[in-house]
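Q: Note that the protein sequences, when read in sequence, are chains Y and R.
Heads up, the first sequence is in my numbering, so the first residue is 249 and it goes up one at a time.
Heads up, the second sequence is in my numbering, so the first residue is 436 and it goes up one at a time.
None of these hints come from the bench; they were simulated from the model.
Among the hints, erroneous ones may be present.
Listed next, the in silico DSSO-like pairs over lysine-lysine satisfying Cα-Cα at most 30 Å (straight line) [what the hints assert, rightly or not]:
#1 R:LYS566 with Y:LYS304
#2 Y:LYS287 with R:LYS589
#3 Y:LYS275 with R:LYS597
#4 R:LYS483 with Y:LYS287
#5 Y:LYS283 with R:LYS715
#6 R:LYS656 with Y:LYS283
#7 R:LYS560 with Y:LYS283
#8 Y:LYS275 with R:LYS598
#9 R:LYS598 with Y:LYS287
#10 R:LYS589 with Y:LYS305
#11 R:LYS526 with Y:LYS275
#12 R:LYS560 with Y:LYS287
#13 R:LYS483 with Y:LYS275
#14 Y:LYS283 with R:LYS566
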Amino acid sequence: MSLITPEFGLIFWMVIIFGAVFFVLAKFGFPAITKMVDKRNDHISSSLLAAEEAQKKLENMAQEQARMIEETRLEQSRILREASETREQLISQAKADASAEAAKLLEHAKMEIAAERESAIRDIRKQVAMISVEVAEKIVRKDLDKSDGQISMIDRMVDEASKAHLN
Amino acid sequence: MKKLLLILTCLLLPLAAGAQDDELNVEEYLFGHIADSYEWHICTVNGKEIAIPLPCIIIEDGVHVFTLHNMAEHGYALNADGKLVNASTGKRPFWDISITKNVLGLLVDSILLVVLILLCARWYKKHDVLKETPSGVAALLEPVIVMIQDDVIKDAVGPEYKKYTPYLLTAFFFILINNLMGIIPIFPGGANITGNIAVTLVLALFTFFMVNLFGNKHYYKDIFWPDVPLFLKAIPIMPLIEIIGMFTKPFSLMIRLFANILAGHIMILSTIAVIFLTAKMGAVLNGSLTVIAVLFGIFLDCLELLVAFIQAYVFTMLSSVFIGLAHQNPEKH
């Protein structure tokens with residue numbers, strides 16, 4: 249049966265035809281296709297890697313951003329707190345200064361008033377003494393001279409009188 | 436359903452009437468379709484054969500080129516198998532390199548394949564593969580190429596697969612296109628190419644050379660001095676088995692493809708033959724069997740589509756496995 253005996257003619261042509269097809273396709277056909285497909289596959293895998301990296305970077309950046317925001321917030325609150333502290337300090341300082349100044353002024357005024365009063369009192373005393381001497385002179389005329397002993401006695405008496413009066 | 440059957444029967448009546456004149460010779464019919472021939476028979480109209488005459492080329496005391504019509508003038512005749520023999524001696528000339536039906540079919544299919552693959556390759560040259568998705572032929576072929584390369588070749592051959600990819604892809608597409616063209620019943624399809632043992636023999640031989648020409652040291656050591664007890668090698672039992680194995684592998688490839696495709700052709704042809712065989716048995720029987728035969732024929736055609744792909748796939752896969760086996764690296768124990 250010719251069905252299972254290979255014909256030489258067909259083998260001959262098959263070798264030529266298949267050889268030619270193999271040659272053409274192996275040279276111009278499949279390598280071009282597989283190369284491009286491989287190139288695309290490489291591109292896809294590298295793109296995937298790059299995308300993953302970018303994703304990671306993005307995540308890092310988001311974290312960084314969150315960290316920076318947190319830091320800024322802390323900084324802000326710190327500055328605000330410091331500012332308020334400074335303000336408080338300034339105010340209390342100013343208050344203290346002011347009260348001290350006021351106290352000093354008051355003291356000064358008091359001292360001045362006291363000195364003024366002292367001198368006024370001395371003046372008045374002198375005047376009173378003079379007037380008293382004149383009055384006494386007029387009263388006792390020649391009985392009394394203007395000796396120091398007498399003046400001091402009168403002075404003492406006026407002093408006593410004024411003390412009694414003031415009290 | 437009855438009505439449909441009736442209509443079909445009526446439709447087939449003239450055909451049945453026409454077929455009543457000459458009885459169908461099943462053997463002639465079957466072998467006329469699956470065997471190679473010196474002309475491409477297309478159909479018979481009113482007893483007149485319409486066939487494409489093909490050049491017969493015989494080299495025997497010079498080159499003889501003729502067609503079947505004038506073979507007698509060149510001193511040749513057809514023998515019982517339908518092969519050309521020397522009319523005077525009755526001997527088969529060795530150099531019968533006629534362009535037979537199968538050779539023409541091979542040529543047509545090969546040109547078709549080369550055009551398709553080159554169109555696909557051209558697409559990749561003209562387009563930026565990183566920016567465009569394949570279209571046209573490239574979109575059709577790329578998934579198949581990628582599937583064969585990634586799922587079959589890469590896995591079976593191993594790290595050196597790039598060297599063998601062109602051959603294995605060529606083998607796959609060559610077998611696939613010839614299988615598919617074989618299913619198409621009209622010219623230029625219908626030639627039983629991959630169901631011809633000469634064709635599968637050459638394909639298997641190519642695989643044989645691909646395996647054995649590039650086999651590595653370890654592969655040949657395994658054949659001639661395998662890791663078995665010495666008495667199995669001293670009298671070379673194992674080497675003998677291994678050497679036989681070298682040839683049985685491609686032999687199995689040859690027989691598998693040949694038998695599968697031949698069987699597919701015979702099944703479809705037999706199914707269709709039922710229509711003509713029952714032509715004389717009356718309109719009802721013939722009509723109903725025709726319906727069954729057509730439905731079964733459709734089923735078989737679908738099956739053959741599947742087989743066409745599977746056989747191409749299996750041939751490629753086994754070739755890849757054999758090549759891979761010839762490139763194994765010795766395992767360290």
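Q: What hint numbers does the structure not satisfy?
A: 4, 5, 6, 10, 11 and 13
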